[in-house]
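Undergrad: Read off the chains here:
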Amino acid sequence: MGSGIWSTDVYDAAARYRAATGASAFAYSDSGATKTHHDLDPLGVTRESRDSAEHPQSVAIAVLFDVTGSMRLVPRALQAKLPQLLGLLLRHGYAENPQILFGAIGDATCDRAPLQIGQFESDNRMDDDLGKIMLEGGGGGQKTESYELALYFMARHTAIDCHEKRGKRGYLFIIGDEMAYSRLKHDEVKGVIGDTLAQDFTTSSVVREVQRKWDTYYILPEGSSYVGDSEVLDFWRALLGQNVIELADLDAVCETIALTIGLGEAAIDLDEGLADLQDVGSAAGTAVSKALATIGATRGELVVTEPPADLSGPSGNVRL
Amino acid sequence: MNHVIVVDLGYGDAGKGSVVDWLCSASRGYRTVVRFNGGAQAAHNVIRDDGRQHTFAQFGSGTFTPGVRTWLSRFMLVDPLALAAEAAHLASLGVTGALDLVTVDKDALLTTPYHRAANRARELARGGARHGSCGLGIGETASYALAHPAEAPRAGDCLAPRTLERKLKALREHLTDELGPLGPLGGPPLADLCDAYLAFAGRVKLADGADLRRLLRSGRVVFEGAQGVLLDEWRGFHPYTTWSTTTFANAEELLAEAGQSAVRLGVTRCYQVRHGPGPFVTEDPSLELPERHNGRNAWQGEFRTGHLDLVALRYAVEVTGGVDGIALTHLDVAEQHPELRVCRSYLVGGEPLTRIEPGPPHDLDHQQRLTSVLLGARPVLHEPPASWAEVVEAEAGAPVTLLSAGPAAAAKTERAFTRTAAPRNNIAEPAMS
Numbered sequence: 001m002g003s004g005i006w007s008t009d010v011y012d013a014a015a016r017y018r019a020a021t022g023a024s025a026f027a028y029s030d031s032g033a034t035k036t037h038h039d040l041d042p043l044g045v046t047r048e049s050r051d052s053a054e055h056p057q058s059v060a061i062a063v064l065f066d067v068t069g070s071m072r073l074v075p076r077a078l079q080a081k082l083p084q085l086l087g088l089l090l091r092h093g094y095a096e097n098p099q100i101l102f103g104a105i106g107d108a109t110c111d112r113a114p115l116q117i118g119q120f121e122s123d124n125r126m127d128d129d130l131g132k133i134m135l136e137g138g139g140g141g142q143k144t145e146s147y148e149l150a151l152y153f154m155a156r157h158t159a160i161d162c163h164e165k166r167g168k169r170g171y172l173f174i175i176g177d178e179m180a181y182s183r184l185k186h187d188e189v190k191g192v193i194g195d196t197l198a199q200d201f202t203t204s205s206v207v208r209e210v211q212r213k214w215d216t217y218y219i220l221p222e223g224s225s226y227v228g229d230s231e232v233l234d235f236w237r238a239l240l241g242q243n244v245i246e247l248a249d250l251d252a253v254c255e256t257i258a259l260t261i262g263l264g265e266a267a268i269d270l271d272e273g274l275a276d277l278q279d280v281g282s283a284a285g286t287a288v289s290k291a292l293a294t295i296g297a298t299r300g301e302l303v304v305t306e307p308p309a310d311l312s313g314p315s316g317n318v319r320l
Numbered sequence: 001m002n003h004v005i006v007v008d009l010g011y012g013d014a015g016k017g018s019v020v021d022w023l024c025s026a027s028r029g030y031r032t033v034v035r036f037n038g039g040a041q042a043a044h045n046v047i048r049d050d051g052r053q054h055t056f057a058q059f060g061s062g063t064f065t066p067g068v069r070t071w072l073s074r075f076m077l078v079d080p081l082a083l084a085a086e087a088a089h090l091a092s093l094g095v096t097g098a099l100d101l102v103t104v105d106k107d108a109l110l111t112t113p114y115h116r117a118a119n120r121a122r123e124l125a126r127g128g129a130r131h132g133s134c135g136l137g138i139g140e141t142a143s144y145a146l147a148h149p150a151e152a153p154r155a156g157d158c159l160a161p162r163t164l165e166r167k168l169k170a171l172r173e174h175l176t177d178e179l180g181p182l183g184p185l186g187g188p189p190l191a192d193l194c195d196a197y198l199a200f201a202g203r204v205k206l207a208d209g210a211d212l213r214r215l216l217r218s219g220r221v222v223f224e225g226a227q228g229v230l231l232d233e234w235r236g237f238h239p240y241t242t243w244s245t246t247t248f249a250n251a252e253e254l255l256a257e258a259g260q261s262a263v264r265l266g267v268t269r270c271y272q273v274r275h276g277p278g279p280f281v282t283e284d285p286s287l288e289l290p291e292r293h294n295g296r297n298a299w300q301g302e303f304r305t306g307h308l309d310l311v312a313l314r315y316a317v318e319v320t321g322g323v324d325g326i327a328l329t330h331l332d333v334a335e336q337h338p339e340l341r342v343c344r345s346y347l348v349g350g351e352p353l354t355r356i357e358p359g360p361p362h363d364l365d366h367q368q369r370l371t372s373v374l375l376g377a378r379p380v381l382h383e384p385p386a387s388w389a390e391v392v393e394a395e396a397g398a399p400v401t402l403l404s405a406g407p408a409a410a411a412k413t414e415r416a417f418t419r420t421a422a423p424r425n426n427i428a429e430p431a432m433s
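As they're listed, the protein sequences go chains A and B. For the first sequence, the positions run 1 to 320 when our numbering is used. For the second sequence, the positions run 1 to 433 when our numbering is used.
Read the hints as simulated data drawn from the structure, not as lab findings.
Where chain A lies over chain B, by a calculated footprint (3+ residues, C-beta under 8 angstroms): (1) 189-196; (2) 200-209.
Derived contacts from chain A toward chain B, CB cut-off under 8 angstroms, selection only: (3) Trp6; (4) Ser7; (5) Thr8; (6) Tyr11; (7) Ala13; (8) Ala14; (9) Arg18; (10) Arg72; (11) Arg76; (12) Ala80.
C-beta atoms are modelled at their ideal positions from N, C-alpha and C, and glycine is treated no differently.
Sequences and hints are given; from them, build the entire structure.
TA: Have a look at this one:
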């Protein structure tokens, strides 16, 4: 072939050669870290996406991915790919003032880092958060991970202006290949996030609450253990309906997320988005078009559900 | 030592990368890949059993196997900028520290952004008559070095800041003068380029021929060729060739210096492919074969496909001086495409032609005559064989020792050859174990 696919940017090259260790984007993880990086610790914190003079109409976007063993090499690929997301959104005008948060999901029953949560950032400082994510590679091997903890955090511990000021939900993408546990366990919430809940809650009630604030998507990528697994897909479809995306080509993950947001922001329709991809020479078109066929075709206004009974009312949170 | 040289017997894209990856997999035990021709324009795709994919340009295609090193010999045209980007992508796939595993011969020529800029300016001026260059400045690098051997920037110069700056400056001025009205010559500021190259020398190990000789005496090495024999600068169909010796010759030279020898392994698909313009007798635009990593690119033109050309294959084997074994790839595609045919002879002006006559060494007039013959030749196509391996073996006069039915190592099968093909030398068992 010989298309010269490797960048010959002189400044990138100099920086790469000078990087002290020649380390990857996974410096923290590869350094032998055994616990969540302090900056990503969800204990007792709330993450805020706020309007500013620079970014007057912020749109909150959160991408959380499963870092347990069943995902195999997917987390590493995501850690390397996701830095492109901001550029994609801006270049194509899919979202004008995106603020992006990255996070990682593990297994609270056995992992050292069951939940890692970065900050909402509107420039490439979000890359730093990605680099701090510890790739756990654990998990329990029973096709379930603690997605419900992450969903709970997003429901209760985020404050986003797009929703609070403009009644517009943020975009939440969960990338994984397993099911959530069926119940949110109050002792895990206490230990990981710090809230005191009177009892356990069903995961479906947590999902209903998070959907009030977040337009929530589940992405199941190829290359993970349970790709195409109907039990996993059915589980998430029962919770999220059409917002379950099977992604055939992991290389297309940023494009898929970007187009989903572009569709949601009504910045484009699916055909325009795919044409954009072609214009920039992206090979992702086929995978994205397949992944988004349902969403692009049937997307309508989302019904905002009432708060579920078992989670409404005073939350009983005790902030640490 | 049981070294092996892997060379593509066609126009490139036969699957060298996946063969080298397989050779370097843990069970086979080759620990170093030596590159001996071409440069950063190589694009050897490797897809691992675990789904990871990388297009190897300067790193050896065995790099996915932990600990496998790359040696860029003096015959390579090294692009330090692209090398850094390639290492970064490997890191994203979990192959960290790739830069620690690469050694560059100090005598290797550098392909710089100035070569690249000149290359592109000239190709653009050529318009429709493009040669199928990659647009990466390989030809510019080679021709400048031929004209100014002492002044051409080499990897070792990156250790000497003043020499490096002087050579790059001279190069830029020379190319600017040469381009004249086709200019101005693009590329980064001199100081910034020097800075990046010094950083390269601070990070990557630079060595000389004596180090390679030691290496060749101490462990088994895969020599990974780039491009293909039919694109060879002297044996390809002039002018549709590359600026590089694509046969076994360079590798044999390095081996001889160390008093070593190697098994010569030729690679061919069971059909024919070619990037860009030039003779392609068995081309069949109606074929629709899957091609995951090869598309059109602005500098090389269309990716073309056609039927297995045994006339060209025999020519390739003959001009390389023979092979000990053949790796036959893409058998999975042949399996799914019964429309694939086999070409044993051409028709030229109504007359059959079964042999492309090699000329004397270094005779480009002869090669140009071959080009005009081939451009007017029509293929005589036959039904696909029951066994592709047996046909290739019989026609090429060398045993098919490796069958590949897919990119991953798991799709490779070693084959005990069934008939006695005449081996080139006294290496009786071309099996690579």
